[in-house]
Amino acid sequence: MRPLSLLGNLLLLVLVAAPASAKTYVRWTNAQIPPPNKLGVRDLVVPWTTDAPELAQKAWSRGYRVFIEAERPDVDAVEQSAVASRLSGIAVRVGDLDATETQTALNSLRHAYPHTKFLLLLTAGKEPRMKGHMVFERNGILAVSSPTSQPWVDSNLALVRYARMRFPSEPPLYTFAWDLSGPLDQKRGPSAQDYALAVCEAAALHADLVLPLHESLQSGLGNNQADAWKIWSDVRSAMRYKETQSEVHSQALADVIVATDSYAKSVEPINLLSRHNLPLRVISPSDLATARLTSAKMLVTFSPFDAQEAHIAQVFAKSGGIVVLVDSPGSYPWHSLTSSPSAEHATSYSVGKGKIIELAEPVIDPETFSQNVRGLLGSRRPGVSLWNSLTTLVVPYRDAKSGGTVLELVDYSEEPADVQVRVKGEFASVRYQTPADKKLNPLTSHFRDGFTEFVIPPFQTAARVYLESLNSE
Amino acid sequence: MVTCMRWHRVRGLAALALLTVWGVAAHASPDIQLIHRQRYAMGTVFEIAVYSPSVDVDKNAAVMERALDEVVRLDQVMSNYKTDSELSHVNRVAHDRTVVLSPDLYAVIEESLLYSRLSGGRFDITVAPLVDAWKRAMNGGAQPTSSEETRLRACVGYQKLELIPPNRVQFHSPCMCLDLGAIGKGYAVDRVAAILRSAGISSALIDAGGSTLYAIGAPPDKPGWAVQLRDPSSKVDPKVTLLDNSVSTSEQTPRDLLSKDLSGHIVDPSTGAPAGEVSAVSVVAPTATAADALSTTLLLLGPVRGKSVAAGLAGVSAVWVSPQGEVVKVSGVTPILVKGGANTTASAGTQ
Numbered sequence: 001m002r003p004l005s006l007l008g009n010l011l012l013l014v015l016v017a018a019p020a021s022a023k024t025y026v027r028w029t030n031a032q033i034p035p036p037n038k039l040g041v042r043d044l045v046v047p048w049t050t051d052a053p054e055l056a057q058k059a060w061s062r063g064y065r066v067f068i069e070a071e072r073p074d075v076d077a078v079e080q081s082a083v084a085s086r087l088s089g090i091a092v093r094v095g096d097l098d099a100t101e102t103q104t105a106l107n108s109l110r111h112a113y114p115h116t117k118f119l120l121l122l123t124a125g126k127e128p129r130m131k132g133h134m135v136f137e138r139n140g141i142l143a144v145s146s147p148t149s150q151p152w153v154d155s156n157l158a159l160v161r162y163a164r165m166r167f168p169s170e171p172p173l174y175t176f177a178w179d180l181s182g183p184l185d186q187k188r189g190p191s192a193q194d195y196a197l198a199v200c201e202a203a204a205l206h207a208d209l210v211l212p213l214h215e216s217l218q219s220g221l222g223n224n225q226a227d228a229w230k231i232w233s234d235v236r237s238a239m240r241y242k243e244t245q246s247e248v249h250s251q252a253l254a255d256v257i258v259a260t261d262s263y264a265k266s267v268e269p270i271n272l273l274s275r276h277n278l279p280l281r282v283i284s285p286s287d288l289a290t291a292r293l294t295s296a297k298m299l300v301t302f303s304p305f306d307a308q309e310a311h312i313a314q315v316f317a318k319s320g321g322i323v324v325l326v327d328s329p330g331s332y333p334w335h336s337l338t339s340s341p342s343a344e345h346a347t348s349y350s351v352g353k354g355k356i357i358e359l360a361e362p363v364i365d366p367e368t369f370s371q372n373v374r375g376l377l378g379s380r381r382p383g384v385s386l387w388n389s390l391t392t393l394v395v396p397y398r399d400a401k402s403g404g405t406v407l408e409l410v411d412y413s414e415e416p417a418d419v420q421v422r423v424k425g426e427f428a429s430v431r432y433q434t435p436a437d438k439k440l441n442p443l444t445s446h447f448r449d450g451f452t453e454f455v456i457p458p459f460q461t462a463a464r465v466y467l468e469s470l471n472s473e
Numbered sequence: 474m475v476t477c478m479r480w481h482r483v484r485g486l487a488a489l490a491l492l493t494v495w496g497v498a499a500h501a502s503p504d505i506q507l508i509h510r511q512r513y514a515m516g517t518v519f520e521i522a523v524y525s526p527s528v529d530v531d532k533n534a535a536v537m538e539r540a541l542d543e544v545v546r547l548d549q550v551m552s553n554y555k556t557d558s559e560l561s562h563v564n565r566v567a568h569d570r571t572v573v574l575s576p577d578l579y580a581v582i583e584e585s586l587l588y589s590r591l592s593g594g595r596f597d598i599t600v601a602p603l604v605d606a607w608k609r610a611m612n613g614g615a616q617p618t619s620s621e622e623t624r625l626r627a628c629v630g631y632q633k634l635e636l637i638p639p640n641r642v643q644f645h646s647p648c649m650c651l652d653l654g655a656i657g658k659g660y661a662v663d664r665v666a667a668i669l670r671s672a673g674i675s676s677a678l679i680d681a682g683g684s685t686l687y688a689i690g691a692p693p694d695k696p697g698w699a700v701q702l703r704d705p706s707s708k709v710d711p712k713v714t715l716l717d718n719s720v721s722t723s724e725q726t727p728r729d730l731l732s733k734d735l736s737g738h739i740v741d742p743s744t745g746a747p748a749g750e751v752s753a754v755s756v757v758a759p760t761a762t763a764a765d766a767l768s769t770t771l772l773l774l775g776p777v778r779g780k781s782v783a784a785g786l787a788g789v790s791a792v793w794v795s796p797q798g799e800v801v802k803v804s805g806v807t808p809i810l811v812k813g814g815a816n817t818t819a820s821a822g823t824q
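Note that the protein sequences, when read in sequence, are chains Z and V.
Count the first sequence with the numbering used here and you get residues 1 to 473, in order.
Count the second sequence with the numbering used here and you get residues 474 to 824, in order.
Think of the hints as simulated: they come from the structure by calculation, not from any bench.
Treat each hint with caution, since some may be false.
Examples of chain Z residues toward chain V, derived with CB under 10 Å [as the list claims (entries may be wrong)]: (1) Thr29; (2) Thr123; (3) Lys126; (4) Pro151; (5) Leu386; (6) Glu415.
Here a beta-carbon is modelled for each residue, glycine too, at the ideal position from N, C-alpha and C.
With the sequences and hints as input, model every part of the structure.
See below:
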């Protein structure tokens, strides 16, 4: 792709996508609030309850800015309360990403209360973590013997990607609830590592986060307990790392475009595609015309095409792209071509230099589906690949300002490990930083077969790699 | 919504099928707590759940962490992904000379050879060159050609692997490479069990990636740890209760959803290609090392030949479940329960 047209494409994408602000908001519910210069944050989010006004007053007396977190039906009550005039904003909780009236409702609130800053707070987030197979129930544990031994990772990448598509004018902001199933976890709360992972994941996703603090941590901080401040020191380090992200001019790179208008139908496949580090972008099927597919290698859709969308898909396939339709039956122009059954429930059509595959059923096994997508990309090697790192997600961005590439890596395993990386292209330099060492350290790289390869030394939780463009000024 | 629900149902049913049928439960008494620890190692998540007296929770949590440290150490011994592991070093140099092995590595290789002999070579830790070629194919590379397969098969063969007591090994093939993926996790699970037992823990479940589990004792007031087994048919609901023994499950990687390419991570040394057996096999054995190795072995042997092998082993039970719900069982001391389905059963010959 010619650099100038790429830059043009990226700038257009930047203009339409609302950037995140690299913020971590802290949700606070405890009556004891430490001073902001010690906590290191100025913004607290207070859930709207009967105690919220009193807590807000305490926070203000300490010098904090306060946001109220509320469900849409409670916003009027918040606006009519005694604390409304001093609030820095209201974070409106949204659980259902497919609800059609969400943006309209938010716009109505902004019209009704023009002096209030409203944030869209997605509550469908998950605690980011690597999960085992044991499930803890009230009466014991459940264990299943299964041949699938790859670690399961709960991440919020699918949520953020979908939210960017669904609410393009809203900075992505999400929260989650800690899942503390064992008695030790319930007693001790999340570890410093758990908090750091949550913050670093949001950093990698270029999203804002409302970080829930366990009551034990809040109490410890409020009562000036050393153990609590030790945990908080690690959390602050992760927050400072997040604040250094160059979010404003970055745009996610994508080899795979996922077209969907249903979060429920596509979240697990998107999650697993991300687990396989396939750089992807989520779009609405209605945006296919403007999606600029030329830089992508594959289009996966979970929604049937209309006539125009089918034409676009066919043109994409003719030029060498792969199109996969998942449970999206229809009467399509390529049906006039010769088809061949490509798998038990799939039919393949050779279209020009590419192909179109129709999978006749929903994705029941997202792991296998993702492996198959990766296999289909085959010789069209992904723009970014990781080796020997089953628990690391990588999200690549193009810095529109410098033309360079930024890789945000998150590791969910708690074990420091080195990661081998291969990136398409040749670069003037490769440097990296981590939450533990924020200065940019050089990496030795090798250029081979059109790709730059390097190894990031063992890091814990997160790393950010800057690849300087050969053409940068 | 349907897709999501179906996916969650497949996974959720597996998870929710209970152990609590027998009521694995409870820390019925406030004096007993259930504690859980996990660690990523060997490419998967190792988990330990322990029923602990409340007064010993912190002490036992520390023992569990120590046990997981041991798994990380063994990964550094047995991984063929880590270039600086002991196994990777052996794979580089043992063609030219004998190499001294650590006790753990020697023990695992020695036990592997036992299963190779038992299975007539179907279980074979020297199969790595073939596995690597098929892994590249699964990741989008070209499938090995028949001549390439022939060349790679010349690198494979447990008979070309010589263990020299008490602690050395030599390869008798210039391209031999060992892969302990079919037995290493089981060995690590057994080491974890030993550490927990030596610290006085008497009720624990150890889980390596969901594929190999070992039970120490039983939960409070229960006869054992009940485990739901893999059921590709979703019809027969196989279960087993473990008590100081282990279960391990093997199943070939599912076929492609989108293309006809042959796929699968379990390679049959006798054919050089991914094994075609589509059943899931679960094996109960006295140790996790045995269960782990036998589950791959019996998958490769298939139910007809596998039945006779398993029936001759003490303390071993096994079940094959096909996607259609056909069941073949070998009933040892520890019964495996299934419902419905077409069953054939063989009994283990000896105690």
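To see whether the hints hold, each was checked on the structure:
At its closest, the beta carbon of Z:Thr29 sits 26 Å from a beta carbon of chain V; the interface hint therefore is violated under the 10 Å criterion. Taking 10 Å as the C-beta contact cut-off toward chain V, the hint placing Z:Thr123 at the interface is violated, the least distance being around 17 Å. Interface hint at Z:Lys126: violated, since its Cβ lies 13 Å from the closest Cβ of chain V, which is beyond the 10 Å cut-off. For Z:Pro151, the interface hint holds, since its Cβ comes within 10 Å of a Cβ in chain V; the closest pair sits about 5 Å apart.
For Z:Leu386, the interface hint is violated, since its Cβ never comes within 10 Å of a Cβ in chain V; the closest pair sits about 12 Å apart. Satisfaction of the interface hint for Z:Glu415 is found here, the shortest Cβ-Cβ separation to chain V being roughly 6 Å, below the 10 Å cut-off.
Hints 1, 2, 3, 5 from the list above are not met by this structure, while the remaining hints are.
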